[in-house]
Every structure is written in C-alpha cells, then in structure tokens.
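The task is simple: from the sequences and hints, build the whole structure.
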Amino acid sequence: MATALVIENDPTDGLGRLGDWFTEGGLEQHVLRPYDDDQLPEDLSGYDAFVVLGGEQNAYPDPDGVWDGWWLPKVEGLLRKAVRTNLPTLGLCLGAQLLATAHAGAVERSASGPEIGPALVAKRDAADHDPLFRWVPIAPDVLQWHQDEITELPRGAVLLAASTYYPNQAFRLGERAWGLQFHIECDADMIASWAAGSTELAELGLSEEAVVGACASVLPDIEDVWQPFAIRFAALAEGELDLPRTTLPLLGR
Numbered sequence: 001m002a003t004a005l006v007i008e009n010d011p012t013d014g015l016g017r018l019g020d021w022f023t024e025g026g027l028e029q030h031v032l033r034p035y036d037d038d039q040l041p042e043d044l045s046g047y048d049a050f051v052v053l054g055g056e057q058n059a060y061p062d063p064d065g066v067w068d069g070w071w072l073p074k075v076e077g078l079l080r081k082a083v084r085t086n087l088p089t090l091g092l093c094l095g096a097q098l099l100a101t102a103h104a105g106a107v108e109r110s111a112s113g114p115e116i117g118p119a120l121v122a123k124r125d126a127a128d129h130d131p132l133f134r135w136v137p138i139a140p141d142v143l144q145w146h147q148d149e150i151t152e153l154p155r156g157a158v159l160l161a162a163s164t165y166y167p168n169q170a171f172r173l174g175e176r177a178w179g180l181q182f183h184i185e186c187d188a189d190m191i192a193s194w195a196a197g198s199t200e201l202a203e204l205g206l207s208e209e210a211v212v213g214a215c216a217s218v219l220p221d222i223e224d225v226w227q228p229f230a231i232r233f234a235a236l237a238e239g240e241l242d243l244p245r246t247t248l249p250l251l252g253r
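In full-length UniProt numbering, the protein residues as written are 1 to 253.
Source of the hints: derived by calculation from the structure; they are not laboratory data. A virtual CB, placed ideally from N, CA and C, is assigned to each residue, including glycine.
Quick list of the computed label-pair ranges, beta carbon to beta carbon: (1) Gly197 x Tyr35: 14 to 24 Å; (2) Glu209 x Gly239: 40 to 50 Å; (3) Ala126 x Asp221: 20 to 30 Å; (4) Ser110 x Gly213: 19 to 29 Å; (5) Ser110 x Ala214: 16 to 26 Å; (6) Pro228 x Pro167: 18 to 28 Å; (7) Asp38 x Ser112: 32 to 42 Å; (8) Glu42 x Leu204: 36 to 46 Å; (9) Ala104 x Ala196: 28 to 38 Å.
Structure follows, in structure tokens:
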C-alpha cells in the first residue's frame with residue numbers, strides 16, 4: 001500500500017474522516033505530531049504523499065520573528081520539497097496557508113473577520129481541468145474555521161475555488177499539490193471541541209449550540225463530495241491517476 005506522511009499541527013485537528021477515506025482508497029497514513037515532540041524528517045523519501053493538517057497556529061512568525069510552533073518553518077521546507085519533486089500533497093486550512101507561504105504567497109489576519117461554520121465555495125473554470133476538482137460540484141459544501149486568509153497565491157498557482165469575502169479558497173500548485181482553506185476532515189466531535197469556549201463565536205454573535213448543530217447537519221453532504229475527492233487523491237498517491245511529470249524550480253524563501 002502507498003503511505004502518506006501526515007503532519008498533525010494541533011491535537012484537536014486530526015485526520016478525522018479524511019483518514020477513513022484515505023484508508024478506503026488504499027492510502028496508509030504515518031502521522032507525526034510535532035507539538036508532542038515528534039521530529040520531522042529531512043526529506044520525504046519513502047513516502048507516496050504528503051498531507052499537512054490545520055491548527056490554531058499562524059502560518060507566519062510574529063513581528064519578532066517567533067513562530068507559533070518550532071516545526072512550522074520545517075513544514076514549509078518539506079512543502080517546497082514536495083512541490084519540487086511532484087509528490088502528491090494536500091494542505092488543509094493551516095496546511096494550505098503554509099503551502100502558500102512556503103512558495104512566496106501571503107497569509108494575513110483577514111479583514112473580513114473570522115469565517116466559521118458551514119459554507120459554500122464556488123468552483124472556478126480552471127477546476128474543470130483539474131484531476132481532483134473536476135468532479136467536485138459547482139458549489140460544494142465545506143466547513144470553515146479560520147481567522148487568517150491567503151491574501152496572495154504563489155506565482156503560478158491555479159485558483160480552483162473562491163468565495164466572496166475569502167477569494168482564495170482552493171488552489172493547485174504545480175501538478176500535484178493542493179491547498180484547501182476550508183476543512184473536509186471534521187466529524188461532529190471535532191467541531192464540538194473547537195466550539196467549546198471559542199472567542200471567535202462570541203465575536204460573530206453565534207452560539208456554540210447553533211454552530212455545532214449547523215455543522216453536523218451538513219456532514220453527510222460534505223462526505224458526498226469530499227470522500228470521492230480523497231479517494232482520487234489516494235489513487236494519485238498509488239500511481240493510478242496518470243498525470244504528466246514536471247519539475248518546478250525551488251520557490252519561496
């Protein structure tokens with residue numbers, strides 16, 4: 001079986017249902033938890049895919065140059081290597097933001113405020129030619145939970161999905177690396193853990209119960225769309241989707 005290296009950045013944001021879908025597609029997962037002192041490899045040798053999950057950290061250092069997690073610059077380095085070697089790669093929320101910043105894109109605190117709860121994003125025309133997104137419906141259900149946004153995509157990135165206030169919702173970099181600003185991995189327990197005591201909900205005037213209930217109500221629709229997406233990613237990692245192989249120059253810092 002093919003194996004994906006998975007970086008879990010936050011104990012509350014694991015693979016969730018995405019792990020089940022990868023397993024269904026024949027893609028095993030080797031999960032590293034650097035917040036719990038797991039060390040990251042120097043390269044991605046021996047892996048067939050690379051997945052970077054979300055987390056509450058920022059995808060950029062503070063004004064003094066200090067990162068929220070010691071490992072985040074190392075994750076950026078691995079993302080650059082993944083793109084350069086055309087390794088199938090998927091970044092979710094923070095993972096997507098790190099994919100952007102690793103390749104000279106920009107992430108900032110969103111002027112539109114936090115985006116939380118179920119939402120729709122709109123496919124762009126380029127998605128019709130994308131090996132993973134071409135089968136996604138025109139306005140798929142997603143779950144949002146972020147305060148930062150990707151304000152500038154890396155040079156050469158292909159925008160695949162957008163929304164009104166947060167334009168860069170999904171993109172592809174090179175032939176085999178995808179970034180999703182939104183979440184597809186969540187189950188009801190994960191959402192409930194995020195909602196408990198969330199200051200962002202109070203800022204938006206939303207109740208914990210309302211958000212958890214709204215998210216739970218769309219989980220079946222999210223599975224209908226994103227389980228096949230995950231299976232296609234697994235097939236790509238296993239070499240069952242035939243894509244042209246290209247070599248990109250080293251980008252970013």
